[in-house]
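Chains as they are written, first to last, in my numbering: chain A, 707 to 827; chain P, 4 to 110.
It is worth saying that the hints were derived from the structure and are not from the lab.
In silico contact screen, one side only, chain P against chain A (beta carbon under 8 Å); selected entries:
1) P47
2) L49
3) F52
4) Q92
5) Y97
6) R99
7) T100
8) G104
Note that beta-carbon positions come from the ideal geometry of N, C-alpha and C, so glycine has one too.
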Amino acid sequence: EVQLLESGGGLVQPGGSLRLSCGASGFTFSSYAMNWVRQAPGKGLEWVSSISGSGRAIYYADSVKGRFTISRDNSKNTLYVQMNNLRAEDTAIYYCAKERAVAGVMDFDYWGQGTLVTVSS
Amino acid sequence: DIQMTQSPSTLSASVGDRVTITCRASQSIGRWLAWYQQKPGKAPKLLIFEASSLESGVPSRFSGSGSGTEFTLTISSLQPDDFATYYCQQYHTYSRTFGQGTKVEIK
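Chain A with its partners taken away, still in its complex shape:
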């Protein structure tokens, strides 16, 4: 059974940093691209970043480019996002999501339960 479990969320002041983790199990982690998607309170879904299975291909939404860094440790089956210079508008539930297939740009067949990041003074 595929499982994704995010951790690391919390309250942080504007300008601060936070690192989120997503532990994966039930599939060959290194074969699949992984993504972070966020959802501000009461709002819709926003794709944040993706990383290929090898970690060599990385993409970011313009809203986080230069502030967020996605990475993965395939030996630990874990996905990360380092979030720096956080702003109030980064307040959201952050989900990790697995791509449905191993090749190409894909939709997301499994999602974690999410972790809440609140940026506030």
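Assemble chain P onto chain A, guided by the hints.
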């Protein structure tokens, strides 16, 4: 970035109704479109991929159609478990974008 626009934003319907949600892309995305269902406090759930392929385990009352810039999600006979918010998502480009969502409410 490709913009995705859903309509309506809110839909009031009764159990047993046939429901259709539309998603329009700002440019052609072929058939690279997915539909997700999200219930309050839960993660999104994949329903449809490649515009019309039903994800495993999803009831057959859900169906998708379309290509290019216009797509639809249809629920043939709305069930109590279907009251939720639905999102479309394009994956024609790596910068995947979602529609703003359609909330299906009880009439």
